[in-house]
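These are the residues of each chain, in order.
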Amino acid sequence: MTAPLRKLGSLLHKQQLDRDLDAELATHLELAIEENMQAGMSPDEARRRALVRLGGLEQSKEEHRDARGWPALESILQDLRYAARTLHRERGFAIFAILIIGLGVGASATVFSVLNSLLVRPLPFKGPQQPGLDSQQDAHRR
Amino acid sequence: MKESKLDLLQGTLDVMVLQTLSALGSLHGYGIARRIEQVSGDEILLNQGTIYASLVRLQDRGWISAAWGTSDNNRKAKYYSITRQGRKQLAAGMAYWRRLANVMSRVLAVPAAGDEA
Numbered sequence: 029m030t031a032p033l034r035k036l037g038s039l040l041h042k043q044q045l046d047r048d049l050d051a052e053l054a055t056h057l058e059l060a061i062e063e064n065m066q067a068g069m070s071p072d073e074a075r076r077r078a079l080v081r082l083g084g085l086e087q088s089k090e091e092h093r094d095a096r097g098w099p100a101l102e103s104i105l106q107d108l109r110y111a112a113r114t115l116h117r118e119r120g121f122a123i124f125a126i127l128i129i130g131l132g133v134g135a136s137a138t139v140f141s142v143l144n145s146l147l148v149r150p151l152p153f154k155g156p157q158q159p160g161l162d163s164q165q166d167a168h169r170r
Numbered sequence: 015m016k017e018s019k020l021d022l023l024q025g026t027l028d029v030m031v032l033q034t035l036s037a038l039g040s041l042h043g044y045g046i047a048r049r050i051e052q053v054s055g056d057e058i059l060l061n062q063g064t065i066y067a068s069l070v071r072l073q074d075r076g077w078i079s080a081a082w083g084t085s086d087n088n089r090k091a092k093y094y095s096i097t098r099q100g101r102k103q104l105a106a107g108m109a110y111w112r113r114l115a116n117v118m119s120r121v122l123a124v125p126a127a128g129d130e131a
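Protein chains in written order, with our numbering: chain A, 29 to 170; chain B, 15 to 131.
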């Protein structure tokens, strides 16, 4: 039950978590390099081997991010942010697109409301096919 | 044999990490990775980076806890330790893997059809 909450939290505290992970992986590499150098490797070789054993710095971070959050939700948010940025950058296009969509929705709604009252819903009388007087008024006349 | 290391099966690493923490108390990620490599006799193919994904998973489930501390040579490191819930999970995981290993070795011990004749 706590896991979903923590995952949600990981979306909100992304930067803090990334900093933590960076520090953690930096320590990991330092320890590994130190051990390799004690085994007699040159600093460059020690660093290279440490990175190979880790399986790549970026891959490790990516894997960590996938495990801690909801990758699907995160990529949707990323797409939304990208869309917002693009629309912001190309104002003219954005306004034009919004107008077109508004026009489309408005026209569809108008046509539907007309057709709905004409064709789909029957008139609120008994026997709407036979125009005539209301039954109560009928009774009065008789 | 040496050049072809074993691929880790799904879920194996989490149990290994729990067992390591249960045996050695609190450790940082590098310590856990080195320990697993040593105990396995370098026979498993382990990118040390995958340890950190496993640690996040285990933390999410409440099986381990983490705290920043200082290592022997004065480095800031995140130390992990197993929780009571984690120990329960480890017992279950152990039982499962032992059973699976047993079944596998029994099934694989059945001789091929031609051998007995």
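Rather than coming from a laboratory, the hints here were simulated on the basis of the structure.
Be a bit skeptical, because a hint or two may be false.
[Unchecked claim] Restricting the straight-line Cα-Cα distance to at most 30 angstroms, the calculated cross-link-like pairs of lysine-lysine (DSS-like) are: (1) A/K89 x B/K90; (2) B/K19 x A/K35; (3) B/K92 x B/K19.
Right, here's what the structure says about each hint:
no.: 1; hint: A/K89 x B/K90; in the structure: 19 angstroms, holds
no.: 2; hint: B/K19 x A/K35; in the structure: 33 angstroms, violated
no.: 3; hint: B/K92 x B/K19; in the structure: 29 angstroms, holds
When each numbered hint is compared with the structure, a violation occurs for hint 2 only.
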